[in-house]
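Number of protein chains: 2
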Amino acid sequence: MSALATPGFEDVKAAAARLAGQAHRTPVMRSRTVDAATGAQFFFKCENFQRMGAFKFRGGFNALSCFDAGQRRAGVAAFSSGNHAQAIALAAQILGIPATILMPADAPAMKVAATRGYGGEVVLYDRYKEDREVLARRLAEERGMTLIPPYDHPHVIAGQGTAALELLEDTGPLDALFVPLGGGGLLSGCALSARALAPQCKVYGVEPAAGNDGQQSFRAGRIVHIDTPRTIADGAQTQHLGEHTFAIIRREVEDIHTATDAELVDAMRFFAERMKMLVEPTGCLAFAAARRLAQPGQRIGVILSGGNVDLQRFTQLLGQAG
Amino acid sequence: MSALATPGFEDVKAAAARLAGQAHRTPVMRSRTVDAATGAQFFFKCENFQRMGAFKFRGGFNALSCFDAGQRRAGVAAFSSGNHAQAIALAAQILGIPATILMPADAPAMKVAATRGYGGEVVLYDRYKEDREVLARRLAEERGMTLIPPYDHPHVIAGQGTAALELLEDTGPLDALFVPLGGGGLLSGCALSARALAPQCKVYGVEPAAGNDGQQSFRAGRIVHIDTPRTIADGAQTQHLGEHTFAIIRREVEDIHTATDAELVDAMRFFAERMKMLVEPTGCLAFAAARRLAQPGQRIGVILSGGNVDLQRFTQLLGQAG
Numbered sequence: 007m008s009a010l011a012t013p014g015f016e017d018v019k020a021a022a023a024r025l026a027g028q029a030h031r032t033p034v035m036r037s038r039t040v041d042a043a044t045g046a047q048f049f050f051k052c053e054n055f056q057r058m059g060a061f062k063f064r065g066g067f068n069a070l071s072c073f074d075a076g077q078r079r080a081g082v083a084a085f086s087s088g089n090h091a092q093a094i095a096l097a098a099q100i101l102g103i104p105a106t107i108l109m110p111a112d113a114p115a116m117k118v119a120a121t122r123g124y125g126g127e128v129v130l131y132d133r134y135k136e137d138r139e140v141l142a143r144r145l146a147e148e149r150g151m152t153l154i155p156p157y158d159h160p161h162v163i164a165g166q167g168t169a170a171l172e173l174l175e176d177t178g179p180l181d182a183l184f185v186p187l188g189g190g191g192l193l194s195g196c197a198l199s200a201r202a203l204a205p206q207c208k209v210y211g212v213e214p215a216a217g218n219d220g221q222q223s224f225r226a227g228r229i230v231h232i233d234t235p236r237t238i239a240d241g242a243q244t245q246h247l248g249e250h251t252f253a254i255i256r257r258e259v260e261d262i263h264t265a266t267d268a269e270l271v272d273a274m275r276f277f278a279e280r281m282k283m284l285v286e287p288t289g290c291l292a293f294a295a296a297r298r299l300a301q302p303g304q305r306i307g308v309i310l311s312g313g314n315v316d317l318q319r320f321t322q323l324l325g326q327a328g
Numbered sequence: 007m008s009a010l011a012t013p014g015f016e017d018v019k020a021a022a023a024r025l026a027g028q029a030h031r032t033p034v035m036r037s038r039t040v041d042a043a044t045g046a047q048f049f050f051k052c053e054n055f056q057r058m059g060a061f062k063f064r065g066g067f068n069a070l071s072c073f074d075a076g077q078r079r080a081g082v083a084a085f086s087s088g089n090h091a092q093a094i095a096l097a098a099q100i101l102g103i104p105a106t107i108l109m110p111a112d113a114p115a116m117k118v119a120a121t122r123g124y125g126g127e128v129v130l131y132d133r134y135k136e137d138r139e140v141l142a143r144r145l146a147e148e149r150g151m152t153l154i155p156p157y158d159h160p161h162v163i164a165g166q167g168t169a170a171l172e173l174l175e176d177t178g179p180l181d182a183l184f185v186p187l188g189g190g191g192l193l194s195g196c197a198l199s200a201r202a203l204a205p206q207c208k209v210y211g212v213e214p215a216a217g218n219d220g221q222q223s224f225r226a227g228r229i230v231h232i233d234t235p236r237t238i239a240d241g242a243q244t245q246h247l248g249e250h251t252f253a254i255i256r257r258e259v260e261d262i263h264t265a266t267d268a269e270l271v272d273a274m275r276f277f278a279e280r281m282k283m284l285v286e287p288t289g290c291l292a293f294a295a296a297r298r299l300a301q302p303g304q305r306i307g308v309i310l311s312g313g314n315v316d317l318q319r320f321t322q323l324l325g326q327a328g
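Just so you know, the protein sequences line up as chains A and B, in that order.
Residue 328 is where the first sequence ends in the numbering used here, and the numbering goes up by one at each step.
Residue 328 is where the second sequence ends in the numbering used here, and the numbering goes up by one at each step.
Don't read these hints as lab results, they were simulated from the structure.
From the three backbone atoms N, C-alpha and C, an ideal C-beta is built for every residue, glycine too.
It cannot be assumed that every hint is accurate.
Said to hold, decoys possible - These stretches of chain A come out as covered by chain B in the derived footprint (C-beta under 8 Å, 3 or more residues):
(1) 27 to 38
(2) 228 to 241
(3) 276 to 289
What the hints assert, rightly or not - With beta-carbon atoms standing in for the labels, derived distance ranges:
(4) B:38 - A:316: 17 to 23 Å
(5) B:303 - A:27: 17 to 23 Å
(6) A:226 - B:303: 55 to 61 Å
(7) A:233 - B:119: 41 to 47 Å
(8) B:261 - A:319: 39 to 45 Å
(9) A:27 - B:80: 51 to 57 Å
(10) A:147 - B:303: 57 to 63 Å
Between the sequences and the hints, there should be enough to build the whole structure, so can you do that?
This is how it looks when you write it as C-alpha cells:
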C-alpha cells in the first residue's frame, strides 16, 4: 500500500485541474434505441475516445504530474495488461520522463505497438506463470525508477475519477452509475465523484463473470485473490482489488455485478452497429450489466472505458457470435 | 427542378429550428495524430453519430416538416441508395406520414433492413438497368404521394446545411471545409452555411474518383451526366448533380476533388483504429482528400457524413487492403 492517503473528491478535483488541456473532455452519447428498449435514459461516457483510446490516460498523467524533479529524471516503471502501459508511456512522453513498461506477452498487439510508439521501453512476461508485481518492483528498484501501479495508487484513482466528474457535470443527477471493474481504479475514483456530485446515485461495478474477485471481496468484506481469469475482457484480468480501491469501493459502491463474455460480444456488436463506435470488450462490461438491470424511468450513467481492440480481434469476436 | 426557389442561409437557419430536439447535435472530434501528421488542425463533424447513422436525417426531416395536411395524409415517396431512404422512413414515422421507398436491389442489407425497421415500405429495383427517377415519379403519381428526391430539393439542401452550421458554431472560423459529394445536397447546404458564418472559408467537395461527374460539371459549367459509377462509396454513386445543388456549388464552392476506393479504405481503417469510430466509405470521402491537401497551420473542417456500413462489409473491405 502506498504511503499516500486514500484519496477523496478533493483529489479528483485537483486531478481535473492537472488534466485540463491534456486529456480530452470526451463526449456523452445517447441512444434512442437503448432508451426505447429499456424505458430508461442512458448516458454513455465515451472514454474510448480518450487520448490513447482509454480512461487510463487520466490516472497515468495525474500520477506522473505529481513526480518531483528527482523522480522525473530517474523515470517511471509500470506493469499493465495494456491500457495503463500506453497511458504511462504517453504521459511520460508528454512530460519528458523515461518509461519502462512490463506487459504480458499475450497482450493485444495493438496495445504493445502503441506503447512502443509512445516511446516506452516494453519488457514482456508470461501472465499465466510470472507475478508481474514482483517483476515490476524488481525492475523499478534496479533502475531507481518510481513504480506506478495500474490501479492501487491515490493519484491514479483520483485521475480516473475525473471521468465521472465530467459525466455528472454534463448530465446532472443520475439514479445509477455503472462502471467497469478490474482492479478498481476507475470504479473507486468514479464513486468519489458520484458521492460528491450526485449523493443519491447508486454506483455499481461490473466485472467479468469468469473472474468475480471484486464481487467476492465486496461480499466477504476482505480482498479475495483469484487466479488470472480467462476472459475476453483483457483489461479486467486482475487477480485482486487494491487496498485503496477496496477501501473506497466498500464504502461508496452499492453492489458488484458480472457480465459473461457472450454479453460483452453482444454489447460490442450493438455499439458498432447502432452507435458506430468501437468499444473494447472490457469497455463493454458496464453496459452489459446495465442493460439487464435498468428500470423504466431511471437516468443511468455508463462508463465505456476504452476502445483499444485490434480490428482483427474485433472481427474474430463478432464473427464467432454472428 | 422543384417549383421552390433555390435555398439560402435563411432556409438553413429555419431548418435548424425545425430540427432542434429531433436531430442530434453531433460531436466535433479531434485527432492529435492527424494534426501532428499534417501540421494542420482538423475538426471532424461526426454525422456518423446522427440519428439513423447519417446526415440525411436532417434534410429528410426538414422536408417532411414542411408538408401541408393533404401531403401528410397522402404520404411520401423517395428513391435512395440507402441513407436517404432511412432518413425519409424515420422522419415519416416520427411525423406519422406513410412512406414508400424505392431502393437499389444491391443496397447494403443493413440499410434496407433499417428502412423497413422504421416502418417504410421498400420497393427494390436494379440500379444498373432501371432509371430510379422515372420509377419513383411513376410510383408517386400512382399513389398520390409527394416525391422527396435525395438531394435536389430546397428543403433537403437547407436541412443538410445545418451540419456545417453546427460545426462552425462550435469551431469558429475555418480556412477550409471538405464535404463528401454525391448529388450535392450536403455540399451545397454546407456551402451556404460556410459562406454566411465563415466568409473566408474555402469549401471543397470530394467525390469518388470512379465517378467524377461533379468535378466535370464544375469545370464545364454545366451538369454532366455519367453512368452509375462502380465504387465502394455507395452513397455517392450518383449520375449527375441537381439543378439547385449545382447552382449553389458553382457559386460557393472553391473546387471539387476526388478520392480513390483505396484511399477510402485507408481512411476507414484510420477512423476505426485511431478514432474508434465506424465511418462508411462515402463518409470517408472528405477526409481522404483533406489529409492529402492539408497545409500546415490551416484550420480544416471535415464532414464525416455517415456510419452505415454492414459489419461484414466493413471487415471485408479492411481485410482486402490489410
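Evaluation of the provided hints:
Note: the segment 27 to 38 of chain A has 5 residues with beta-carbon separation from chain B under 8 Å; the three-residue rule is met and the coverage holds. For the segment 228 to 241 of chain A, the stated coverage by chain B is not satisfied: 0 residues place a CB nearer than 8 Å to a CB of that chain, which falls below the threshold of 3. With 7 residues having a Cβ less than 8 Å from any Cβ of chain B, the segment 276 to 289 of chain A passes the three-residue criterion, so the hint holds. For residue 38 (chain B) and residue 316 (chain A), the Cβ-Cβ distance of about 21 Å falls inside the hinted range of 17 to 23 Å, so the restraint holds.
Under the hint 17 to 23 Å, the C-beta atoms of residue 303 (chain B) and residue 27 (chain A), about 20 Å apart, fit the expected range. At roughly 59 Å, the beta-carbon separation of residue 226 (chain A) and residue 303 (chain B) lies within the given 55 to 61 Å, and the hint holds. Taken as a hint, the range 41 to 47 Å holds for the pair residue 233 (chain A) and residue 119 (chain B), whose Cβ atoms sit roughly 43 Å apart. Separated by about 41 Å at the C-beta atoms, residue 261 (chain B) and residue 319 (chain A) satisfy the suggested range of 39 to 45 Å.
A beta carbon spacing of about 55 Å between residue 27 (chain A) and residue 80 (chain B) agrees with the range 51 to 57 Å that was offered as a hint. Here the CB-CB span from residue 147 (chain A) to residue 303 (chain B) is close to 47 Å, at odds with the stated 57 to 63 Å.
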